[in-house]
Amino acid sequence: MPLSVAVLGAGSFGTCLALLCAREHEVALWARKPAIAEAINRDRRNPRYLEDVALPDRLRASNDLVEVLADAELVICAVPSHGVREVMTLAGPHLSREAVLVSTVKGIELGTWMRMDQVLAEVLDPVFHPRLVFLSGPSFAREIADGKPTAVTLACAIESYAISVQQSISSPAFRCYTHTDVIGAELGGALKNVIAIAVGICDGMGFGQNARAAVMTRGLREITRLAVAVGADPLTFLGLAGMGDLVLTCTGDLSRNRQVGIELGRGRELADILGGMHQVAEGIRTTRAACALAELHAVEMPITRGVGRVLDGQIAPRDVVLELMSRQLRNENE
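Just so it is clear: in the sequence shown, position 147 is 146 by numbering that gives the first Met the number 0, and no numbers are missing.
Any given hint could be a false lead.
What the hints assert, rightly or not - Label pairs and their calculated CB-CB ranges:
| hint | residue 1 | residue 2 | range |
| --- | --- | --- | --- |
| 1 | S95 | G266 | 50 to 56 Å |
| 2 | E37 | R317 | 35 to 41 Å |
| 3 | V229 | P148 | 30 to 36 Å |
| 4 | E322 | R31 | 38 to 44 Å |
| 5 | D318 | E37 | 45 to 51 Å |
| 6 | G91 | L328 | 47 to 53 Å |
| 7 | V246 | G266 | 24 to 30 Å |
| 8 | R326 | D252 | 26 to 32 Å |
| 9 | G251 | P171 | 19 to 25 Å |
| 10 | P148 | E37 | 32 to 38 Å |
Because the hints were derived from the structure by calculation, they are not lab data.
None of these values were measured; they are calculated from a predicted model.
Positions of the beta carbon are idealized from the N, C-alpha and C atoms, including for glycine.
Work out the full structure: start from the sequences and follow the hints.
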C-alpha cells in the first residue's frame with residue numbers, strides 16, 4: 000500500500016532514497032536551500048547531487064520543513080551528522096504521532112560523542128523512541144540511483160518496526176535485512192569511515208594490497224572492540240553493517256573518505272583536499288569522536304588514533320605507518 004514519505008536532506012543519499020521510495024510511494028523531499036527545491040520541481044533533477052538522474056513526478060521538493068512533514072507516515076532523515084540535532088529538533092513538533100522514523104546518518108556528534116540514535120532519543124518525544132529505525136550497510140548513493148543491486152540492514156530495538164520499513168522500501172534492486180542491534184549498526188556505519196581514511200592513506204602512498212587488507216582487518220578489530228565496550232553484539236560486525244560497509248568504503252572509488260585518505264597519502268594538506276569537495280566526508284569528524292570515545296572507554300584503537308594525528312597535522316602519514324608497524328608484537332586476538 001502506498002505511503003506518504005518525507006525525506007529530510009537533498010544530498011546524494013537523500014535524493015537516491017527519495018527516488019527509490021517514489022517508485023511506490025508519494026514522496027516529499029526537504030532541501031535546506033530553496034533554489035535546490037525549486038530546481039527539482041522545475042527540472043525533475045537535483046542540480047547539485049546525482050545531477051543526471053531523472054526524478055519522478057510523484058516526488059515533490061520543498062524547503063518548508065512543516066510542509067514536507069505534513070501527514071508523513073514514514074520519515075527518513077538523511078542530513079549530515081552535524082545537522083541532525085538541529086533539523087530533528089525543528090521537525091519533532093510537526094511529526095505525525097504514528098510516524099516511523101528512519102535514520103541513514105553515519106556519524107558521531109562532536110562534543111557529546113553521541114551516536115545518532117542517542118541524539119534522536121534526546122531531541123524527540125519518547126512516543127517516537129520505539130519507532131526509530133537505523134539504516135546501515137554498503138550503499139553508495141550513485142549505485143542505488145542507478146538501480147544496481149544493493150543490500151542494507153535496518154536496525155530497530157523493536158524488530159516489527161524494522162520489518163514494516165523493510166516491506167515498504169525493499170525492491171528487486173534494494174534488499175533490506177532487519178536487525179535489533181542498534182548500537183552495532185550505528186557504530187559500524189560511523190567508524191568504517193575512519194578506517195577508509197586509513198586505507199586511502201596507504202593506497203595514496205602506494206603500499207599495495209597487503210597493507211590494504213591488513214588495515215581493513217585490524218580496523219574491523221578496532222571497530223568491534225569499541226562497539227562491544229558500549230554494548231554492541233560482536234556478531235553484528237560480520238554482517239552488512241560491519242564487514243560489508245567496511246569493504247565497500249575502503250575499496251570503492253566512490254568513497255569520499257577513501258579519497259580523502261588517498262590525497263593525504265600523496266602529501267596534500269587536509270584544508271586543500273576539503274576545499275575541492277562539495278560533499279561531506281563524515282570520517283573526518285568521526286575520527287575525532289572515535290578517539291574521544293576510545294579514551295572514555297579505555298579501548299585501544301591505534302589505527303584510529305593514528306588517523307586522528309594525521310588529520311590534526313601532528314604526524315606525517317608515512318611516519319604513522321612506521322609507528323603502527325613497529326608496535327610491540329602480540330597475539331592477534333588481543
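Outcome of the hint check:
S95 and G266 have their C-beta atoms about 52 Å apart, which keeps the hinted 50 to 56 Å range intact. For E37 and R317, the hinted distance range of 35 to 41 Å is not satisfied, since their beta carbons lie about 48 Å from each other. V229 and P148 have their C-beta atoms about 32 Å apart, which keeps the hinted 30 to 36 Å range intact. The hinted range of 38 to 44 Å is satisfied by E322 and R31, whose Cβ atoms lie roughly 41 Å apart.
Under the hint 45 to 51 Å, the C-beta atoms of D318 and E37, about 49 Å apart, fit the expected range. Against the hinted window of 47 to 53 Å, the Cβ-Cβ separation of G91 and L328 comes to about 52 Å, which satisfies the hint. With their beta carbons about 27 Å apart, V246 and G266 fall inside the hinted range of 24 to 30 Å. Taken as a hint, the range 26 to 32 Å holds for the pair R326 and D252, whose Cβ atoms sit roughly 31 Å apart.
Restraint check, G251 to P171: a C-beta distance of roughly 22 Å satisfies the suggested window 19 to 25 Å. Judged by the Cβ atoms, the range 32 to 38 Å given for P148 and E37 holds: they are separated by roughly 33 Å.
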